[in-house]
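Asker: The residues making up each chain are set out below.
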Amino acid sequence: MSDKLKLYDERVKRLKDAIELREPDRVPIYGLVDNWALSYYGITLEEALKDVELEYKAYSKALTDFPFDGALASRVTFPLNFVYSLGGGIFNNATETIQIATGHSEIMAVEEYDELIADPMKFIRDKILPRKHKIFQEGTVEEKFAKYANSLSIFFQFGQTTKMLAERFKTEHGLPITNAGVNHFMPGDMIMDYLRDFKGIMRDIKKCPDKVAEACMAMVDPMVKDTFGKMRTVSDDKYVHLYLHLPQFIRAKEFEKVYWPSFKKYVEAVAARGVKILILFEKNWEHLYEYIQELPKGSVIGFFEEDDLRKAKKALGKTMCIAGGLKTNDLYYGTKEKCIEVAKGLIDDLAPGGGFVFAPDKVLATKNDAKAENLKAVTEFIVEYGSK
Amino acid sequence: MDLSLLTQKIGELDEEKVFEMLNDFVNTNPSPDESKKVVAACQSGMSVVGDFFEKGEYFVGDLIFAGELLTSAIDILKPVMDTQNAGTVGSMVLGTVAGDLHDIGKNIFKSMAEAAGFKVYDLGIDQSAGEFVEKVKEVNPTIVGLSGVLTLALESMKNIVEALEEAGLRSKVKVIIGGNPVTKEACETIGADAFTTNAAEGVKICQKWVG
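First to last, the protein sequences are chains A and B. All the letters of the first sequence, read from the start, carry residue numbers 1 to 388 under this note's numbering. All the letters of the second sequence, read from the start, carry residue numbers 389 to 599 under this note's numbering.
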């Protein structure tokens, strides 16, 4: 077996041990690297979107210059060329990052919840897509179908290329890209980001929470189907990735009513098939620990952004692997010494017994999220200090 | 009109009760002075909302809802408000800084500031140092508010404060920064006068500056 494949298996096992709540041979380091890779290499987002080979070079450098055991993505995470071909979307990437341009997603009227509940796929396909995308708004039926077919081919190409790049990371670098191509938001997030927008859903949660809850539940089955349509095989090196947007903005009781049941159902369905789930618990989830501690044991790796990880491990350590710990503010504005000090504290307090993975507190999206020398110093320190 | 009940109901985000009370009030043909007191009671309600947020009982979703509630409340009262003589307590130039497209927090802060009597010039998102300087030159505000969520916003905020200095405008305004990444250290590095992650607290700070 080649060196790289051996290294690959070592890293997969290291992460697997941590997620299954055992103590690995050393503290794993996860590469939560997003568009930061582009500025680190020295290319723009536009350039990356036009040249896959260049994109791969950039991400290769960012992901192999540091001793990561696994990484989020092999490339720019969002199929922007696909979005362009549809005539644009909600992501505005004029700034070298991929940010949602708020205020443009109230495409569904509050009166339409019943339609969404009755058949989410039909509603989104037949009502929302034509409302949202330019290519469906002009031309003959034939022209519309042709443009749509073109868009889909770009989308499929993105999927295939992404898989191919992940395979190259495996054979050329021995680095697991844990992204299986299933990057989901939960139903509540999708309604917020794509259908009702921020103001809309905040109002709906107060005024018609039953509808929101029902709509979220109705979306779970299509999501599970989509998940396993994409993941034809189950393997230790590929996880489902979830990015949770809505819960940080609402009260615990509101979360319990509208978001939690569908979230729990989806995660349970995925875990039941033996697949690990990587979840970005964005902002602060302390007020929701009583819920998420019920998620399937040993199946989830939870990245926490603002939470005190020591508190998180105490509350959730029997259920899920806790990940994160170093603020991007420190990675960029702090000294090497400060970063190492933080890492040492995390390892001392959280590594014993396993179930801990080191990472920054959020994805590295822009140049200002990390100084390379800080990242290098702290990850090299962890390889030494975090070994058994 | 039970002013303290109105304040309480705004604090509780009880939209139906608030609209009922305000519509009943407007139907009594009140004087501008009486209306002024009612507006003040609404603003106190927003302070209550801010306190709940500070305590961790309310979340951003509640602030959004409160902002909308307040805007609607002021709309109901407009016909009986003395808008002729209503001076503003101060003016501010507000915007989300360059590279950042997030505006929810900024918008919450804006509606609360307007409800508190500030005239707000909202530049929008992704605003450069040049754009801030130009607007400040144009409208001579009391306060400049810089908003951002991403780590990169801190860099942009620093640039904007430096640009204000270069243009000889820094000493003429108070600068407040708001958003996820702002901290005391960031505030000092950036050279702002105050920082906050709570819109209602931010408005209180601004009120102290003009009051």
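Just to be clear, a hint being listed does not mean it is correct.
What the hints assert, rightly or not - Cross-link-like lysine to aspartate or glutamate pairs, in silico, DMTMM-like; alpha carbons within 20 Å at most:
| hint | chain 1 | residue 1 | chain 2 | residue 2 |
| --- | --- | --- | --- | --- |
| 1 | A | Lys207 | B | Asp510 |
| 2 | A | Lys199 | B | Asp510 |
| 3 | B | Lys443 | B | Glu404 |
| 4 | B | Lys443 | A | Glu286 |
| 5 | B | Lys443 | A | Glu96 |
| 6 | A | Lys207 | B | Glu522 |
Hints in this document: simulated from the structure, not taken from any laboratory.
Asker: Against each hint, give a clear statement of whether it holds in the structure.
Answerer: Here is how each hint holds up against the structure:
1. A:Lys207 - B:Asp510: violated, 29 Å
2. A:Lys199 - B:Asp510: holds, 18 Å
3. B:Lys443 - B:Glu404: violated, 25 Å
4. B:Lys443 - A:Glu286: holds, 14 Å
5. B:Lys443 - A:Glu96: violated, 36 Å
6. A:Lys207 - B:Glu522: Status violated; Cα separation ~42 Å.
The structure fails to meet hints 1, 3, 5, 6 from the earlier list, while all remaining hints are met.
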